[in-house]
Amino acid sequence: MSLIDMNKHEMITGEWDNRSIDGRIGDIVLDPNRHLEAKLPGLLGKLLPQNMRSPWFVMAGIGFVFVNILLLCVTILVLTGIGVWGNNQPVGWGFDIINFVWWIGIGHAGTLISAILLLLRNQWRNSINRFAEAMTIFAVMCAGMYPLLHTGRPWVAYWLFPYPNVMALWPQFRSPLIWDVFAVSTYFTVSLLFWYVGMIPDFATLRDRATSAIPRHVFGMLALGWTGSAKAWHRYMHASIMLAGLSAPLVLSVHSIVSFDFAMAIVPGWNTTIFPPYFVAGAVFAGFAMVIMFSIPIRKWYRLEDFITMKHFDWMAKVMLATGLIVAYGYMMETFYGWYSGQSAEMALLYNRGNLANTPYSWAFYSLILFNVVIPNFLWIPKVRQNLTALFWISLSVNIGMWFERYVIIPISLSRDYLPSSFGYYTPTIVDFGMFFGTIGFFVFMMFLFIRFLPMINMFEIKELWHHMSHHKEHGHDVVATGEAH
Amino acid sequence: MSSGRDTSPKPFGVVASFANPELLLEATRRASEAGYRRMDAYTPIPVEGLTDYLKFKDSRLGWITFLGGITGGSIGLWLEWWTSTSAYAHNSGGKPLMSWPMFFPVMYEATILFAAFGATFGMIALCGLPRPHQPVFNAEAMARASQDRFILCIEADDPNYDEKKISEFMKDLGAEEVESVMTTEGY
Amino acid sequence: MSETTVQTTRINKTCMTLGGVALVAGIILALVGAMSGGGDPHAFQHGYFFGWTYWACMAFGCFGVSLLHHAARGHWGFPVVRIFEAGGGPITLAVFFAALIPVIFGWREIFYPWADAARVAVDPVLQHRAPYFGGFFAIRYVIYAGVFILLSLLNQNWLRQEERTGDDRWWKKRQYWGGLFLVVYVILTNFMWTDWMMSMYDHWYSTIYGVWIMVGSALLAFAFTGIVLGTQYDKVPYKGVVVPWLTKDIGNWMLTFTMVWAYFSLSQYLIIWSGNLPEFTKYFIDRSLNGWIYVGWSLIVIHFFVPFISLLSPTVKRQPWRLALVGAWILFVRLIDVWFVVTPTWKTSIGINAVDIGMFLFFGGVWMLLFGWRLAQAPLITTMTPRLKEAVDHA
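Residue numbers (the working numbering), protein chains in the order written: chain A, 1 to 486; chain B, 1 to 187; chain C, 1 to 395.
Worth flagging that the hints you see were computed from the coordinates, not collected in a lab. The beta carbon of each residue, even a glycine, is placed where N, CA and C say it ideally should be. A portion of the hints provided could be inaccurate.
Calculated lysine-lysine pairs in the DSS-like style (CA-CA distance at most 30 Å, straight line) [to be verified]:
hint : chain 1 : residue 1 : chain 2 : residue 2
1    : B       : Lys-171   : B       : Lys-10
2    : A       : Lys-318   : C       : Lys-13
3    : C       : Lys-235   : A       : Lys-311
4    : A       : Lys-383   : A       : Lys-318
5    : B       : Lys-55    : C       : Lys-173
6    : A       : Lys-231   : C       : Lys-248
7    : A       : Lys-318   : C       : Lys-248
Listed next, the stretches of chain C that the computed footprint assigns to chain A, with coverage defined by at least 3 CB atoms under 8 Å from CB atoms of chain A [as the list claims (entries may be wrong)]:
hint : stretch
8    : 124-132
9    : 205-219
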C-alpha cells in the first residue's frame, strides 16, 4: 500500500464522525489550548520560555514584529514622500510594482483551488480551500498597499475611482492602471464574498459549539442566523457554484490585466503578446508554492495529517510543475522572439539579461532561471513530490524565483530602454526592503490570526466528504472521490 | 411591546432529529407522501435529494445573478463611454475617444463584480437572512443541527398539523428525539 | 465477426464514403478553379496551403489532445482516445507532413519574404533572420516530422500493446511519458507555426501565435469528437459508453478551448492595438481593409458567443446530438478563422475562389479517408476494460 492509499484508507476507516471532525477543526478556534499543545521542534523550542513555545506565538510574534517594521516604513514614506524609495528616472517603477505583482500572483492559487475545483466537483479540495482563500485575501491586501502608497498621497486614493467631483475629472479608461483599480478591487471584493459565503455554515457550527458568551454572539452574528435549512442549502449551493463560475474567469482576468500594465506600454520586453497567459501561469505557480509552504508546517503543528494528505501535496506539486513549465515556455518565447524580432532594442534587452560579464542585472536573470526553471523541474520525480522537506524548499525557491521574474521584467527593461543617454541603474533603499519584509510579516501575522479565530478547514465540506466516503464504503463501491486527482 | 401585535409564544412546529441523512431522506419522503407540505429539514451538510421531497424549487437566484451581470456590464460600458466621449473627452495617445478594445477590461470586471453581488446578496436575501434568531432555534435538537443531527420540522401552519399524530409518525420513522417547539416571546 | 467489428466497419465506411466524395469533388473544384485562374497567379498554391492548414490543424490537434489525455489520464479520454489516435496517428501525421514538401522545398518564394533575395537585400531584419531560415528551415521541417511521427508511433504502439495484453504497465507508460511528450509537442508546434505561417510576414511576430493556433487545433479535435459521439451515441459500441458525464466533459473541453481561444485572440489584439507599432499592426491592418474587418467582427459572435452560450447550457452537454450540432458549428467557424488567419497574408481582397474550396475539400477527404482507415485498425472502444469500466462507473 502506497503512502497515498494509506492516507485515503485512514480517512475512511479512521475513528471519525461528524462530531469529531467539528471537534478537531473547531477547537483550534474555540479552545486556545490547542495552540499551546503544538510544540516547536528543535533548539528554538528549548530556548523559549515554557508558555511561548507554541509555534502560534512564535510565528504570530515574528509576524507582529515585521508588521511594526512595515508601519514604521509607511510612516517614513508618508511623512517624507516616495523619494525614500529607490525609484527614480529612468526606473520609475521599482519594488512597489514588483511586490504588487508578486503578491497578487500569490493570491491567485486560493481562488483557483476554490473555484476551479468546485466547478470540477473535486471533493478532496475541501481541506485546503479555506486556507488558500484566506491567503488570497491577505495577499491582495499586501498587494494593494503598494500602488496606494505609490500615489504618494494615499489619503486621496479615492481619486482613482470614477466619481463626480468639483474638479470635473474622470479616470482615464484607456490606461491599464485604471483597469488595475477595477480588477484588483473587484478581485478583493469577490474573494471576500466567496470566502465569507463559504464560512457561513461553519460559523453556525462554531456558534452552536461555543460554550461562552462572546464567541457564541460573535459567531452568531457572523452566521447571520444560518439554520442549515434544506431550502437555504439549496440556494447556498447554487450561489457557491455561481460564485465559483465567476471567480475562475475573474482570476484569469486579474493577472492578465496586471500583465497589461506592462504589455500595453512599448518598453522593450514588455510589449509582447504572450504576457497575459504567461503572467497567469506564473501567478498560479507562485500561489501554489505559497500554499505548500504554509500548509507543510501548519499540518504538522496542528496534526492535520488526515485532512491535508500526501495526495494533496502530490497534486499541488503537479500543478506547480505544470504552471512552472508554462512559465519556462514564456521565458523561451521572450528570448527567441527577442532575437527573431531583429530590432535593436529587443536584442539589447536580451544582451542586458544574458551577458554576465558586461551588464549590471544579468545575475537577476540567471537567478530567475535557477530558482524558477531548474529547481522546480525536480518535481518531475515522484519521490520528490512525496518528500515534504524537498517540497518546502522547492516552493521557497519558486517564490524567490517569481520575485526575480518581476525584478527582471521591471528594472532591466526600464533602466536601459531606447535612449542610451538616459540609461540608469536602480538601487532599492532600506525603506524598500523594510516594506517588502514588512508585508511578508503582515501576511504571516494575518494568517496566524486567521488560524486562531476562524475555521481554517472547511468543516461542513469535510463532513460531506466523510459522509460520501463512508457511504460508498458501506455500499461496496470503490471510492472515486479522491481517485479523481490524477 | 406596544405595537398591538400578538407576540405571545405560539406553536411553531414539531421537530424530529435523525442520526444520519439516509434516515432523514426517508422520513422526508414519507412525510411528503403523507401529505405534509409546510416543512423544512435542517442539516449540517447539504443533503442531495431533500429539496425534491420537500417539493421545493426556486431558480430565481440564477436570474438575479444574470441580471446583476448585465447591470454591471452596462454600467461599466456606459460610464466609460460617457466619461470618455462627453464628460471628459480628450485625446490620449491618438486613440479614438471610444476605444472599444481598451474599454473591454473595465466592463468585464464590472460584470463580474455585480454578478457576484447578485449571487451573494441574492442568496442571503432569498434565505431570509440575516436573522440571528429564528423560532426553530427554540428546539433543543437544533443545537446539533449544525454538527451531527439531521432534523425534520413540520410547521404549525401545515393544514394537517396535529402535534400528537406527527410525533408518533416521526418516532415510527426512526427519529431519535421529537419535540414540539413554540415561537419566542416577543418576536 | 463480432458486433463491434461490424460497427467499426460501418463508421469506417461512412468516413471512407465521405472522404472519397470530398476528395473527388475537391480535385475537380481545384482544377476548375486553377484553370479559370482569377487574378491570382498563385491561386493553386495559396488554396493548397489554406486547405492543408485547416486539416493539418485537425491532425495536430488530435495528436495534441491525445497527449493531453495520456498526461492527465482524465476519465474523459478513455472512451475517445481511439478517435484522437485515428485522427492524429503516425500515418496521418506523416501524410500531412509529406503534403507540405512542395511548400517547404518548391514554393518558398511564393510564400516567404525571407526566400526572396531582392527583399532580403534591402531589409536588415530579414538579413538578421537569414541564418535561421534557408537550410536550417528544411532541417527543422525534418525534425518536426521525425519527432512527431516517432512520438505518435510510440503512443500508438503502447495503446495497441495495452489492448492486446490488458497489462497496466502500458497505460502507466503512456502517462509517464505523456507529460514530457506534451512539453515537446507544445514547443515544436510553436516553432512549426512560426516557420510555416508567421514567417510569411517580413517583420510581424507575436509571441502568443503558436499556442493560439494550438488552442484552435485542440478545439477542432474536441469538436470533431463531439460530432462522433453525437452521431454514434445510440449505436454499438458507443451505446452505454456515451453517458451524460462523458458528453459533459467533452462539452466542457470545447467550452474551455473556446474561451481560451477568445482570451488569446483578445489579448493579442488588445496588446497590438494599444502598442500601435507599425511592424505589429501590419497583421491587423491586412485583416481590416477590403472588407476583412467584417469577418473579424463576425468571428467575435460566431466563434465566441455562439459556442460559448450554447456550451454553457447543461442541456446541450447532456444530449449527444446537440453536442454534435455545436461541434459541427465549431468545425465551420474554425474554417472561417483559419481563412481569416491564413489568406489575408497574401490576398488583400476578400473573396474565396474555387481552388480554396476545392483544396479544403481535397485535404478534408484525405484526412477523412485516413481517419476511417486508421479507425478500423483497432477496436473503437479500447478493450483495456479496468480503466474504462472505472471511467463509466464514475458516472
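Against the 30 Å threshold, does the CA-CA distance of Lys-318(A) and Lys-248(C) hold or violate the hint? 25 Å, holds
Hint check: Lys-171(B) vs Lys-10(B), CA-CA at most 30 Å. Holds or violated? 23 Å, holds
Pair hint outcome, Lys-55(B) versus Lys-173(C) [Cα-Cα no greater than 30 Å]: The given pair, whose Cα atoms are some 51 Å apart, is violated under the 30 Å limit.
Quickly compare the C-alpha distance for Lys-235(C) and Lys-311(A) to 30 Å and report which way the hint goes. Since the Cα atoms of Lys-235(C) and Lys-311(A) sit roughly 39 Å apart, the hinted pair is violated (cutoff 30 Å).
So is the stretch 205-219 of chain C in contact with chain A by the C-beta rule, three or more residues under 8 Å, or is the coverage claim wrong? Result for this restraint: holds, n = 7.
Between Lys-231(A) and Lys-248(C), does the CA-CA distance stay at or below 30 Å? 27 Å, holds
For a C-alpha distance cap of 30 Å, please report whether Lys-383(A) and Lys-318(A) respect it. Roughly 12 Å between the alpha carbons, so the hint for Lys-383(A) and Lys-318(A) holds.
Below or equal to 30 Å on CA atoms is what counts here, so check Lys-318(A) against Lys-13(C). At roughly 42 Å apart (the allowed maximum being 30 Å), Lys-13(C) and Lys-318(A) break the hint.
Within the stretch 124-132 of chain C, is the number of residues with a Cβ closer than 8 Å to a Cβ of chain A three or more? Holds: 6 residues of the stretch 124-132 of chain C have a Cβ under 8 Å from chain A.
Figure legend: structure checked against the earlier numbered hints; hints not met, in rising order: 2, 3 and 5.
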